[in-house]
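Chemist: Protein chains in written order, with this note's numbering: chain A, 1 to 315; chain B, 316 to 590.
If you are wondering where the hints come from, they were derived from the structure by calculation, not from laboratory data.
For clarity, every value in this text was computed on a predicted model and none was experimentally measured.
Keep in mind that a hint or two might mislead.
[Said to hold, decoys possible] So the derived label-pair ranges between C-beta atoms look like this:
1) Leu149/A <-> Thr365/B: 22 to 32 Å
2) Gly510/B <-> Asn106/A: 19 to 29 Å
3) Leu368/B <-> Thr167/A: 33 to 43 Å
4) Ser552/B <-> Ile155/A: 18 to 28 Å
5) Ile96/A <-> Arg382/B: 37 to 47 Å
6) Gln451/B <-> Gln213/A: 49 to 59 Å
7) Ala491/B <-> Gln212/A: 55 to 65 Å
8) Ile553/B <-> Ile96/A: 28 to 38 Å
9) Leu419/B <-> Pro220/A: 29 to 39 Å
10) Gln451/B <-> Tyr216/A: 55 to 65 Å
11) Ile96/A <-> His579/B: 20 to 30 Å
12) Pro252/A <-> Gly476/B: 45 to 55 Å
13) Gly510/B <-> Gly110/A: 44 to 54 Å
Ideal placement from N, C-alpha and C gives every residue a C-beta, glycine not left out.
The lines below spell out each chain.
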Amino acid sequence: MHEPAVRSSVTSSEQLSRRAAPYLLVLPSIILAFWIIGYPILDVANMSLHAVNRFGQVKGFAGFENFSRLVTAPLFFGCLLRTLIWTVCVVGGTVILAMPIALILNENFGGRRIARIIIMLPWAVSLTMSGIVWRWALDGQSGMVNATLFGFGIIHQPIAWLATAGTAFPVEIAIGILVSIPFSVTVYLGGLSSFPEEILEAAKIDGASAWQQWRYLTLPLLRPFINIVLVLNTIYVFNSFPLIWVMTQGDPANSTDIFVTWLYKLAFRYGQLDIAAALSIVMFLVLLSFTIIYSALAMREEKEAVESTGASAPA
Amino acid sequence: MTHTKKTIFSWLCLSPLIIVILFPFAVMISTSIKPRAEILTFPPVWLPKTIRLQNFVDMWQAVGFGRALVNSMLVSSSATILCLLIAVPAAYATAWTRFRGKRLFRQFLLITQMLSPVVLVLGIFRLMATLGLVDQLWALVLAYAAFNLAFAIWMLQAYFGTIPKELEEAARLDGASTVQRLRMVLLPLAAPALGVTGIFVFLYCWNEFVLALTLLRSTPKFTLTLQIFSLVGGRYSIEWDHVMAATLLASAPVAIVFAGLQRHLVRGLALGGVK
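Excised from the complex, chain A in its bound form (with noise of 0.2 Å):
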């Protein structure tokens, strides 16, 4: 109806191909997505209601059984307490860390950029790499970080860090934040250049200190880069299975298993189809209730950043 008057000689079935096109040009995705992402979640969701046997074998309709296993097997609660301490963990642990680092990384110094560099290298290499080397680096007897420590007159014996109940899980979350500061430091820097020089300038004329400047200037306006960062950070590392499937496989004695590995053995060592089908459910109700916050700031950042510029415009 918009068109221009030329294009009422179009007749009517480019007419129809024009409005189809769209849906034409999506469908090839919805239709990928729909079969190898869409399918698997109803199918495990269909599972998780029916008794399932060892085989994958589809039984009779159980209702909430499975789910009511899943929260009274023995396992259930350390797992779900693993999964807190290591998400909370691992997220703090970034975004604490990740902002004196931004900050000193968007300062202008000599050999900036292969500082850059240097603390990105973590991004390339993958999770199971360097789950790998790690543990061979923690190794009790051969491995450099206790002939390092040694080294330093820290440690006087080895310590066989990732064979002992307390020690394998503290360190796993240290390598897991160590990991994820990368993706977390570069979010912070695209903020930071985002910001308008002027107002440091003003701030630093009125006398601002370091520490003000940073809190009552910068930290505010890094809130949304932050809610970022935790939100999408959050979903990571709840899901994250490499490092800790590489270095331990939730051993010694489950005390590093967390929901993802130990749904991982439910499914294809433990053959406890039906169990492992409701805690799939249970985890991608969990996701699903983080991608709904995560919208919903978006959401919320894109309507302030409208209204914002909505109420500058006529001035």
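Since chain A is already given, all that's left is putting chain B on it; use the hints.
Modeler: Then chain B, alone, in the frame of chain A:
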């Protein structure tokens, strides 16, 4: 603060992190050049008495590195191409046309983006089993393309949005069809965005672990990541000299390419990802 002072101060602050980041690289290099007799000594030392580069040659044959490398190349490049082929038209439609259900489509993308393969690995395994694709590289190609689709569409549509619409309008008035406009106006302009998106998708496929672990069964089909994992997973004795040589050879090229392209990649990601 003078520039020199600032430089020293900054490097000093960053040094603990930099040491921890470079530590695994040092471990990889140190172990991969040690003769086997010097590996299991206590306490271990950084520099071996004799440097043994033959480790890399031995490892290549013992580990089947070449075959796994070819598998990884095949899977990653096919998945990247398939993903981009499907993402480009979808991104074009969401960026430049109006249609009912666009919001719904975007929400749908967001949800698939948030899902990690681990959560669905049971369902994906069953799907591939019914398709007869277990232990086939094709299974990985399909799955990787699907799990990167949302990211690719998101990145590309953000970039397409920055291309002036008048260009497209002009082409349309000249009588170019949708496909022609896509091919002759948009794609040449979007080449950098396609490159950045493609590199990230490729990197994901190259590094992916869970799906490869689940869907591949026989050693000749293993991708590089899985092949190297199989050297340490569930083995009684681990030949760490070979393992470290393999991890070094597998990660160094990727890290170098990433470091070289880093500024472009980060800028590209900032445009599409954070928006």
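Chemist: Between Gly510/B and Gly110/A, does the C-beta distance stay in 44 to 54 Å?
Modeler: This hint is violated: roughly 31 Å between Cβ atoms.
Chemist: May I ask you to test the hint 22 to 32 Å on the CB atoms belonging to Leu149/A and Thr365/B?
Modeler: holds, 26 Å
Chemist: Between Gln451/B and Tyr216/A, does the beta-carbon spacing fit 55 to 65 Å?
Modeler: holds, 58 Å
Chemist: Within 20 to 30 Å: is that where the Cβ-Cβ distance between Ile96/A and His579/B falls?
Modeler: holds, 29 Å
Chemist: Is it true that Ile96/A and Arg382/B lie within 37 to 47 Å of each other by Cβ?
Modeler: About 44 Å separates the Cβ atoms of Ile96/A and Arg382/B, which means 37 to 47 Å holds.
Chemist: How does the Cβ-Cβ distance of Ala491/B and Gln212/A compare with 55 to 65 Å: does it lie in that range?
Modeler: holds, 57 Å
Chemist: That 49 to 59 Å hint for Gln451/B and Gln213/A (C-beta), does it hold up?
Modeler: holds, 57 Å
Chemist: Taking 29 to 39 Å as the stated bounds, is the beta-carbon spacing between Leu419/B and Pro220/A within them?
Modeler: Holds: the Cβ-Cβ distance is about 34 Å, inside 29 to 39 Å.
Chemist: Does the Cβ distance between Gly510/B and Asn106/A fall inside 19 to 29 Å?
Modeler: holds, 26 Å
Chemist: For the hint 28 to 38 Å, verify it against the beta carbon of Ile553/B and that of Ile96/A.
Modeler: This hint holds: roughly 35 Å between Cβ atoms.
Chemist: Take a look at whether the Cβ-Cβ distance between Pro252/A and Gly476/B falls inside 45 to 55 Å.
Modeler: holds, 51 Å
Chemist: Given the hint of 33 to 43 Å, check if Leu368/B and Thr167/A actually sit that far apart at their C-beta atoms.
Modeler: For Leu368/B and Thr167/A the Cβ distance comes to about 35 Å; the hint holds.
The structure shown violates just one earlier hint, number 13.
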